[in-house]
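Since the structure of chain A is provided, determine the placement of chain B on it from the hints.
Protein sequence lines correspond, in order, to chains A and B. Under my numbering, think of the first position of the first sequence as 8, with each following residue one higher. Under my numbering, think of the first position of the second sequence as 34, with each following residue one higher.
Any given hint might turn out to be false.
To be clear about the criterion: a stretch of chain B counts as covered by chain A if any three or more of its residues have a C-beta under 8 angstroms from a C-beta of chain A, and this derived list gives those stretches [to be verified]: (1) 129–138; (2) 408–419; (3) 526–540; (4) 547–553.
Per label pair, the in silico range of CB-to-CB distance [as the list claims (entries may be wrong)]: (5) A:Asp109 x B:Met37: 36 to 42 angstroms; (6) A:Glu102 x B:Pro48: 32 to 38 angstroms; (7) A:Arg77 x B:Asp159: 27 to 33 angstroms; (8) B:Arg156 x A:Glu112: 26 to 32 angstroms; (9) A:Arg77 x B:Asp193: 49 to 55 angstroms.
Because the hints were derived from the structure by calculation, they are not lab data. Beta carbons are placed, not taken as given, at the ideal position from N, Cα and C, and that holds for glycine.
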Amino acid sequence: MKIDMVDGPGGVVVLKPEGRLNMVAAPAVREAVSSIVDSGRSRVAVDLSGVEFIDSSGLGALISGLKTTRQAGGDLRIAGANDQVKLVLSLTNLERVLTPYDTVENAYGDA
Amino acid sequence: MSDMVTRTVRLTAPPDTVDTVHDLLDALWPSVPDVSARDRMSLDTAIIELAANVIQHANRGKPITATLTVIAFPDRIEATLSDSGEVGEVDIEGRSMPAADELAESGRGIALMKALVDTVEHRRVDGFNHWTLVREREQVRQPDAPPRHLPSVSISGIIDEMARQRALEEMGILDSPPEDRFDRVTRLAKQLFGVGGAKINLIDGDRQWSKSTAGYGDEVVPRDKAVCAVTIEDDRTFVVQDLLADPLLADRGVPGEVEFYAGHPLQAPGGERIGALCVYDGKPRQFSEREKEMLRDLADWVQQELTASHELSRAAEVQQGLLPQSLISMPDWDIAGMCLPARAVGGDFYDWYPVGEGAAITLADTMGKGIGSAIIAATVRAVLRSAARFGDVAGAVDLAAASLNADLDTTGLFVTLLHGRLDMDSGEFTYVDAGHGLTVVARRDGAIERLRSHTPPLGVDLETEWQSHSVILNPGDVLVTASDGLLDLYDGTLDALDKIGALALLASTSAEVTDAVRARARGVAPDDVTVVVVRRDG
Numbered sequence: 008m009k010i011d012m013v014d015g016p017g018g019v020v021v022l023k024p025e026g027r028l029n030m031v032a033a034p035a036v037r038e039a040v041s042s043i044v045d046s047g048r049s050r051v052a053v054d055l056s057g058v059e060f061i062d063s064s065g066l067g068a069l070i071s072g073l074k075t076t077r078q079a080g081g082d083l084r085i086a087g088a089n090d091q092v093k094l095v096l097s098l099t100n101l102e103r104v105l106t107p108y109d110t111v112e113n114a115y116g117d118a
Numbered sequence: 034m035s036d037m038v039t040r041t042v043r044l045t046a047p048p049d050t051v052d053t054v055h056d057l058l059d060a061l062w063p064s065v066p067d068v069s070a071r072d073r074m075s076l077d078t079a080i081i082e083l084a085a086n087v088i089q090h091a092n093r094g095k096p097i098t099a100t101l102t103v104i105a106f107p108d109r110i111e112a113t114l115s116d117s118g119e120v121g122e123v124d125i126e127g128r129s130m131p132a133a134d135e136l137a138e139s140g141r142g143i144a145l146m147k148a149l150v151d152t153v154e155h156r157r158v159d160g161f162n163h164w165t166l167v168r169e170r171e172q173v174r175q176p177d178a179p180p181r182h183l184p185s186v187s188i189s190g191i192i193d194e195m196a197r198q199r200a201l202e203e204m205g206i207l208d209s210p211p212e213d214r215f216d217r218v219t220r221l222a223k224q225l226f227g228v229g230g231a232k233i234n235l236i237d238g239d240r241q242w243s244k245s246t247a248g249y250g251d252e253v254v255p256r257d258k259a260v261c262a263v264t265i266e267d268d269r270t271f272v273v274q275d276l277l278a279d280p281l282l283a284d285r286g287v288p289g290e291v292e293f294y295a296g297h298p299l300q301a302p303g304g305e306r307i308g309a310l311c312v313y314d315g316k317p318r319q320f321s322e323r324e325k326e327m328l329r330d331l332a333d334w335v336q337q338e339l340t341a342s343h344e345l346s347r348a349a350e351v352q353q354g355l356l357p358q359s360l361i362s363m364p365d366w367d368i369a370g371m372c373l374p375a376r377a378v379g380g381d382f383y384d385w386y387p388v389g390e391g392a393a394i395t396l397a398d399t400m401g402k403g404i405g406s407a408i409i410a411a412t413v414r415a416v417l418r419s420a421a422r423f424g425d426v427a428g429a430v431d432l433a434a435a436s437l438n439a440d441l442d443t444t445g446l447f448v449t450l451l452h453g454r455l456d457m458d459s460g461e462f463t464y465v466d467a468g469h470g471l472t473v474v475a476r477r478d479g480a481i482e483r484l485r486s487h488t489p490p491l492g493v494d495l496e497t498e499w500q501s502h503s504v505i506l507n508p509g510d511v512l513v514t515a516s517d518g519l520l521d522l523y524d525g526t527l528d529a530l531d532k533i534g535a536l537a538l539l540a541s542t543s544a545e546v547t548d549a550v551r552a553r554a555r556g557v558a559p560d561d562v563t564v565v566v567v568r569r570d571g
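Only chain A is shown next, with the shape it has when bound in the complex:
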């Protein structure tokens, strides 16, 4: 899986995975978040607009990232989720902890 990493506004790092976020791709997402935290930053936005599909392994990777960033005093937020991603978030009751924002800009809009 291809994952773009760019610096966004307010010191937020934006991760943009493309394609299917499943058990094949999940480890790359975990590693990307870990590398960001290791480099001393902890505010991450995951831009899901290029993700066509997510499964529970993909969710697991996002939750792992959420825990990693929070332990470092930051957060992980998601944006641009399609209907399938929103369906999975809703059925797994994870909307509260991984609230889907429309855009990356809105994700840290409160900050």
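Structure of chain B alone, referenced to chain A:
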């Protein structure tokens, strides 16, 4: 059905991953008419969860193979995944969604599947896991949608059918000749109920085959025209007073021949419903509770007979397993044997095993056919095998005869036997022929020599002094020994031995000779046929 769409993919993981499954699904959806975005999304997710679960957990690091089939029906979509993983009990019921604030990174797969589709089922059949997912399609949930005809095929049905077909085939009864033990039941049923016909029907793939018929009726009927094919869908007696008046069954009736039907399912030893005992008549009629009970009793009887055949065929497997499976390694020698019992089991056997610088070779024929002879044959084989470890050929036969005499006397049976030892370097074959006399040596130059029998069969005369004789097999010579069943395949006289000897000289391997005899004997041999061929290359 034109709007039913099926796709199947075989997976081997590694190297296949869930992406292989994604690609199948992406290719499937354009062919499914009117699939809603929600159905598609839900099934994509549930099927990927299932595939991931199997690939990840099934075998803990060992490669797995799996077959995924997706069938889109007008009213529902079913997916089944059959995999080779070693999974024990799967608690689908008990899997609930982990609470969100626990921030668990795994453990949501099965709960998610349950939330996405209407049925999640796991079964273990024949060492495979079969997972089935079913989702009712959204469009037919609309109250105004017209009712649709549901095809009777479904994936769990396919799995049951696979198990059923295998059980039926294992019984080895399909296309077997008529047997009185079954015909007796159908004759009785026909008389007892005063109907036009009675049958024992087996449902085999897409046809119905009758093992026994009393009265009229075809031996083979397409499955979709057979009423018994409906009977086996349930374990109760199925009665239709007037087939032609029943819109769902009318096309299975035959006016004036099969208008009334009553049938009770027949089970394989494992419980699979493989067919039915049925009675039928050319005009509609009633069938009382008491008659149902009698039909059930008769069906139980048929089932007992079927089980007996099954046990007999297992006995046959055991007996075939007693024959030498592997070749002994003797440079420049080529040995082959075959044993074809007239019934499931028989009184013939052959045997060989290494002894010193060569091999012991035996061919024996117990008088009679069937199970009694088979038990004695197994005993003779065991006794000779242990006796062959002591002393010479005559000594071995003497020891075996002494231990068998009491048994043979009690059972009133006797055994003809050729037992010999081959020295692979000199080509000398030293043998005792106990009333057998069906051995020839075909010489390279075309001469055929019969080996004489000098002593009576085992079990005839307790005072027999066993004497061995010997013959030298030179390069290019072939020794053939057979049971008397072989003679029946030719003209019934000893000339058959000359013919088989001549055949052996023409053949380039020993197995060619045994294959030729097997082909000649198949289906026509009235007696057990056993042949051993020993050729010295050169």
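Evaluation of the provided hints:
1. Counting residues of the region 129–138 of chain B whose C-beta sits closer than 8 angstroms to any C-beta of chain A gives 7, which meets the bar of three, so the coverage hint holds.
2. Coverage of the region 408–419 of chain B by chain A is violated in this model, with 0 residues showing a Cβ closer than 8 angstroms to a Cβ of that chain against a need of three.
3. Residues of the region 526–540 of chain B with a Cβ under 8 angstroms from some Cβ of chain A number 0, which does not satisfy the need for three, so the listed coverage is violated.
4. By the rule of at least three residues with a Cβ nearer than 8 angstroms to a Cβ of chain A, the coverage given for the region 547–553 of chain B is violated, with 0 such residues.
5. With their beta carbons about 40 angstroms apart, Asp109 (chain A) and Met37 (chain B) fall inside the hinted range of 36 to 42 angstroms.
6. A hinted range of 32 to 38 angstroms holds for the C-beta pair Glu102 (chain A) and Pro48 (chain B), which are about 36 angstroms apart.
7. A C-beta distance of roughly 48 angstroms is found between Arg77 (chain A) and Asp159 (chain B), which places it outside the suggested range of 27 to 33 angstroms.
8. For the pair Arg156 (chain B) and Glu112 (chain A), the supplied restraint of 26 to 32 angstroms is violated, since their beta-carbon distance comes to about 50 angstroms.
9. Between Arg77 (chain A) and Asp193 (chain B) the beta carbon distance is about 50 angstroms. The supplied range of 49 to 55 angstroms therefore holds.
Hint compliance for this structure: hints 2, 3, 4, 7, 8 are not met, and every other hint is.
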